[in-house]
Amino acid sequence: KAGVTQTPRYLIKTRGQQVTLSCSPISGHRSVSWYQQTPGQGLQFLFEYFSETQRNKGNFPGRFSGRQFSNSRSEMNVSTLELGDSALYLCASSLGPTGRGANEKLFFGSGTQLSVL
Amino acid sequence: TQLLEQSPQFLSIQEGENLTVYCNSSSVFSSLQWYRQEPGEGPVLLVTVVTGGEVKKLKRLTFQFGDARKDSSLHITAAQPGDTGLYLCAGEDGNKLVFGAGTILRVKS
Numbered sequence: 022k023a024g025v026t027q028t029p030r031y032l033i034k035t036r037g038q039q040v041t042l043s044c045s046p047i048s049g050h051r052s053v054s055w056y057q058q059t060p061g062q063g064l065q066f067l068f069e070y071f072s073e074t075q076r077n078k079g080n081f082p083g084r085f086s087g088r089q090f091s092n093s094r095s096e097m098n099v100s101t102l103e104l105g106d107s108a109l110y111l112c113a114s115s116l117g118p119t120g121r122g123a124n125e126k127l128f129f130g131s132g133t134q135l136s137v138l
Numbered sequence: 711t712q713l714l715e716q717s718p719q720f721l722s723i724q725e726g727e728n729l730t731v732y733c734n735s736s737s738v739f740s741s742l743q744w745y746r747q748e749p750g751e752g753p754v755l756l757v758t759v760v761t762g763g764e765v766k767k768l769k770r771l772t773f774q775f776g777d778a779r780k781d782s783s784l785h786i787t788a789a790q791p792g793d794t795g796l797y798l799c800a801g802e803d804g805n806k807l808v809f810g811a812g813t814i815l816r817v818k819s
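Chains A and B are the protein sequences, given in the same order.
Residue numbers for the first sequence follow the numbering used here, so the first one is 22 and each next one is one higher.
Residue numbers for the second sequence follow the numbering used here, so the first one is 711 and each next one is one higher.
It is possible that part of the hints are untrue.
Claimed, not checked - Below are the EDC-like pairs computed for lysine to aspartate or glutamate, each with C-alpha atoms no more than 16 angstroms apart in a straight line:
id	chain 1	residue 1	chain 2	residue 2
1	B	Lys780	B	Asp803
2	A	Lys78	B	Asp803
3	B	Lys766	B	Asp781
4	B	Lys818	B	Glu727
5	A	Lys126	B	Asp803
6	B	Lys818	B	Asp781
Honestly, the hints are just simulated from the structure, not real lab data.
Bound conformation, chain A alone (with noise of 0.2 angstroms):
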């Protein structure tokens, strides 16, 4: 069974680009989760989509948004990007979606590694 897989995995960008990353999950996961790990900040946790819908959103800016497709496919996509958001990016996916005692087990991509100069 293929793991959940994310591309690009390194990617270097200019201040104001924007960029799009995407991950594919494991065969039957319906839920997606993305995070951002810093150093400094560690996990901080994005956005989850299941079934297409977005569930929850972490306190990020606007300018970071996603969407899921209908065969659980997930793209994320930061605009106008900054130096801060130089980050290693996390895509988790799950059969079910995640807190409320589900009791979830996340399993998580390698990450795309973001570099904005």
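Go by the hints and put chain B onto chain A.
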């Protein structure tokens, strides 16, 4: 937002030593998960603890959930270089998982 504090932030030990890392909160969690992340990879789930006072063992790793379900610990016996990595605890906060900042463990041979 419920916060999880992990300690220590960094631990460097010799192969064969024992160690314990902690995950604490002032809030009650319905469950806590522990993950290990190696450089260049995403976190991998090690265990989920659900019941207060619960102890789970995974080979040389022992996980405990506090009686009040506010804290958890991870004990590693006879650490090996392969245990090196970032250890993260995570708990459910409403509709999402929140993560602690993690403990970086380095085991030297």
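These are the hints, each one checked on the structure:
| no. | hint | in the structure |
| --- | --- | --- |
| 1 | B:Lys780 with B:Asp803 | 13 angstroms, holds |
| 2 | A:Lys78 with B:Asp803 | 12 angstroms, holds |
| 3 | B:Lys766 with B:Asp781 | 14 angstroms, holds |
| 4 | B:Lys818 with B:Glu727 | 10 angstroms, holds |
| 5 | A:Lys126 with B:Asp803 | 15 angstroms, holds |
| 6 | B:Lys818 with B:Asp781 | 28 angstroms, violated |
Going down the numbered hints, you'll see the structure goes against just number 6.
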